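Okay, so the sequence shown: first residue is 11 according to the working numbering, each after it adds one.
Think of the hints as simulated: they come from the structure by calculation, not from any bench.
Fair warning: this is a prediction, and the values are worked out from it, not measured in the lab.
Treat the hints loosely; a few may be bogus.
List of simulated lysine-lysine pairs, BS3-like, C-alpha gap at most 25 Å [said to hold, decoys possible]:
| # | residue 1 | residue 2 |
| --- | --- | --- |
| 1 | 167 | 137 |
| 2 | 116 | 137 |
| 3 | 181 | 169 |
| 4 | 137 | 166 |
| 5 | 116 | 190 |
| 6 | 20 | 58 |
| 7 | 26 | 166 |
| 8 | 110 | 137 |
| 9 | 172 | 116 |
| 10 | 137 | 111 |
| 11 | 111 | 169 |
| 12 | 167 | 190 |
| 13 | 167 | 20 |
| 14 | 181 | 137 |
| 15 | 169 | 137 |
| 16 | 187 | 58 |
| 17 | 181 | 58 |
| 18 | 190 | 169 |
| 19 | 166 | 190 |
| 20 | 137 | 190 |
| 21 | 58 | 137 |
| 22 | 116 | 167 |
| 23 | 166 | 181 |
| 24 | 26 | 58 |
| 25 | 116 | 58 |
| 26 | 167 | 181 |
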Amino acid sequence: MLKVLKGSSKGFEGLKAEIIDRNLCSYCGACVSFCEHLELGPEAPILKEECSLDKEGVLKCSENGTCYDICPMTETDIEGLEREFLDSEGMRDERLGIYKKLIAGKTQIEGQDGGVVTSMLVAGVEKGLFDCVIVAERIEGYNAVPEIAEDVEEIKKAKGTKYVQCPMVSKIGEAVKSGKRRIAIVGTPCEIRAVRKIQSVLLK
Numbered sequence: 011m012l013k014v015l016k017g018s019s020k021g022f023e024g025l026k027a028e029i030i031d032r033n034l035c036s037y038c039g040a041c042v043s044f045c046e047h048l049e050l051g052p053e054a055p056i057l058k059e060e061c062s063l064d065k066e067g068v069l070k071c072s073e074n075g076t077c078y079d080i081c082p083m084t085e086t087d088i089e090g091l092e093r094e095f096l097d098s099e100g101m102r103d104e105r106l107g108i109y110k111k112l113i114a115g116k117t118q119i120e121g122q123d124g125g126v127v128t129s130m131l132v133a134g135v136e137k138g139l140f141d142c143v144i145v146a147e148r149i150e151g152y153n154a155v156p157e158i159a160e161d162v163e164e165i166k167k168a169k170g171t172k173y174v175q176c177p178m179v180s181k182i183g184e185a186v187k188s189g190k191r192r193i194a195i196v197g198t199p200c201e202i203r204a205v206r207k208i209q210s211v212l213l214k
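Use the sequences and the hints to build the structure in full.
Written out as structure tokens, the structure is:
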């Protein structure tokens, strides 16, 4: 259930001053995923209409504004997120974080580095573990766009690494608003941090 804003917030003004104007934006798309006032520009989110966070309770938002609080580049309690979402029995590595087991694998699907991620996503959909998967689909040349895949063929179509910036988290809001709750996403560390912050701040 989305939380409702109470009181003042930093909102987009704080996000712009602390992150965007300092060239710290990772272009993950989290901020635009749940806010109708923002859209993605060529390099960072932009405000397309006046933010109404100063009007108490107008938007379903977090204490400091959805865009600010779910940004992976704003102050983040990493250990708190780990306690909230990761198995405390897992092993910890300074570089990798918490993990259960490290393995090398190869599947029959022709994908990047053995196709393991694609195979895991396909198996998850086939077994009903996921309602959908957010993947990066290649378009013209080396460009890619995030897409919501709901069947095996859509997942396989998006196989392979794309060495290009792609705002994966921007599709989570669309998936949630369409009724999806068990959402798998392939992302970089900063994108997954944004996903965890969305879960912690908005989707409890």
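Right, here's what the structure says about each hint:
1. 167 / 137: Between residue 167 and residue 137 the Cα gap is close to 19 Å, so the pair holds against 25 Å.
2. 116 / 137: holds (20 Å)
3. 181 / 169: holds (18 Å)
4. 137 / 166: holds (16 Å)
5. 116 / 190: Judged against 25 Å, a Cα distance of about 30 Å means the pair is violated.
6. 20 / 58: Holds, because 17 Å separates the two Cα atoms, which is no more than 25 Å.
7. 26 / 166: Judged against 25 Å, a Cα distance of about 37 Å means the pair is violated.
8. 110 / 137: This hinted pair holds, its Cα atoms lying about 22 Å apart.
9. 172 / 116: holds (19 Å)
10. 137 / 111: Holds, because 22 Å separates the two Cα atoms, which is no more than 25 Å.
11. 111 / 169: holds (23 Å)
12. 167 / 190: holds (21 Å)
13. 167 / 20: Status violated; Cα separation ~40 Å.
14. 181 / 137: Holds. Residue 181 to residue 137 sits at ~23 Å (cutoff 25 Å).
15. 169 / 137: Between residue 169 and residue 137 the Cα gap is close to 19 Å, so the pair holds against 25 Å.
16. 187 / 58: OK: residue 187 and residue 58 at ~21 Å, within 25 Å.
17. 181 / 58: holds (18 Å)
18. 190 / 169: holds (22 Å)
19. 166 / 190: Within the cut-off at roughly 20 Å; holds.
20. 137 / 190: holds (16 Å)
21. 58 / 137: Violated, at about 41 Å.
22. 116 / 167: holds (18 Å)
23. 166 / 181: holds (18 Å)
24. 26 / 58: holds (13 Å)
25. 116 / 58: violated (45 Å)
26. 167 / 181: holds (17 Å)
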